[in-house]
Amino acid sequence: MLEKILPSEIYNPLTKYVSFNAINEIRLRVDKPIVLSIGSQKFFLSSHGTTGNLKEAICPSKTTLEDIVFRASECSLYSVNEQIKRGFLVTQGGIRLGLGGDLIEEKGQIKTLTNFNSINIRIPHEIKNCSLSCFDYIIENGNILNTLVISPPGAGKTTFLRDFILQLSQRNYAFNVLVLDERGEIDLGTKGCIGNFADKISFASKKVGFENGIRSLSPNLIITDELGTADDVQALLYACNSGVSIMASVHADSVESFLAKEDFSKVIKEKVFKRFVVLSLRNGPGTLEGIYNENLSRLGRRY
Amino acid sequence: MKILLIVIFSSICFAFGAKFYFKYKRRKNFFDALIFLCHKFDVEINFSREKVINIISSLEEKVKQNLYGLDKNFISSIENKESLEKDKLLKNLTFLSEEEGNSIFLFFKSLGRSDMENQLKEINNFENKFSQFCTASSQEFKKYGKLSIKLAIVACLMVVVLFI
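Just so you know, the protein sequences line up as chains A and B, in that order.
Under numbering that gives the first Met the number 0, the residue at position 21 of the first sequence is numbered 20, and the numbers go up by one with no gaps.
Under numbering that gives the first Met the number 0, the residue at position 69 of the second sequence is numbered 68, and the numbers go up by one with no gaps.
Hints were generated in silico from the structure; no laboratory data involved.
Keep in mind that this is a model prediction, so the values were computed, not measured.
C-beta atoms are modelled at their ideal positions from N, C-alpha and C, and glycine is treated no differently.
No farther apart than 35 Å at their CA atoms in a straight line, the calculated lysine-lysine pairs in the DSBU-like style are these:
no.	chain 1	residue 1	chain 2	residue 2
1	B	K39	B	K142
2	B	K108	B	K80
3	A	K206	B	K120
4	B	K120	A	K199
From chain B, some residues computed to sit far from chain A (all C-beta separations above 12 Å):
no.	residue
5	S10
6	F35
7	N72
8	N91
9	L92
10	T93
11	E97
12	E126
13	N127
14	S130
15	S137
16	L146
17	S147
18	V158
19	V160
Please model the complete structure; the sequences and the hints are all you need to start from.
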């Protein structure tokens, strides 16, 4: 998909000289060097691969950035304006472009984002079996326990959720799984990415997705990414009261910093989540820091 | 020899007549197809925010034929990551005037560049403009297209009379 989005002067060195699968992020800023995040390291992109030399680095123009966004929208900005308003754009294949630019507001409502000056391209990865070490702690007596995956940005929450869905399918746990893919990142669109027992609602808010999904698809388990707002928590509680298991993720450094989030106080107090999986970037994205139960006691060995 | 000359001259006259007839017919069909495309954009964008390329690709074969390669030229410029150029876009459309060509180029250049509300406004504005071209081309076709065939037939008859 990146081939269709990026101009050849950026795409060619990426494919010729850089191990594409190793790239986590590509950051483009107007008239600034392109920065690649590979593992936990950062490099500039030059016409002959990665470099530490600022003079050799490729610096994209404003037109290039606008062109990238236009192409990422499949030449139809109107079709992704709701995403652009929220500061991102997801292409086919789950590649997310975080966008920076001028926000246009009208009567207190965001109309669009324009004059793009930075793009953060996040490359999704399928890491097979990355959720396996937690699998037996999450499924108990044939039931899936409500689980929250906690990690800072870019530490592999979505990858973990994606693999868990696949593991369920591969192990023939025939739960009806509803993937509530608010940003279109969980399902990469590749064959078998979310297994055989998953339904998907994309680009809907948590509130709408939970309500419609439960009503229309009768799931046993809802998997969703990045809980953040009080509305998300309300939607989550609604789903829990409907007897559906939940697996979700949230941005936080640790269980302690999650517990400090005010919006989640009710969830914490009612011990909605029975399992907490904590991931970090300590040894690269996806480092498993620990699995905890609802009383915040560590389960299994120390990672 | 006489018969041969009659056939040759008649054919030339008829070919001229047919050329003009088909020129006006092509223009009429083209603008009809273009208005149909605008309608389709309007409906598909309003209803499902369908992507520009999908809308064009899903056009019926007959409509595509009447666009005389305009759809293919547009899609190929996108697929080849080229910026849209007027000459390439209107490659096969020799029957268009400068003003018509400019409007069509601007229309395609504006596709997918704004939010839904503004995109639909733009499409409607262009559709109005294309409707004017369409009305003019229909009148031209009625007036000159059919006339050119009639003149060709008259010319053929005159050739026959002259030679006999």
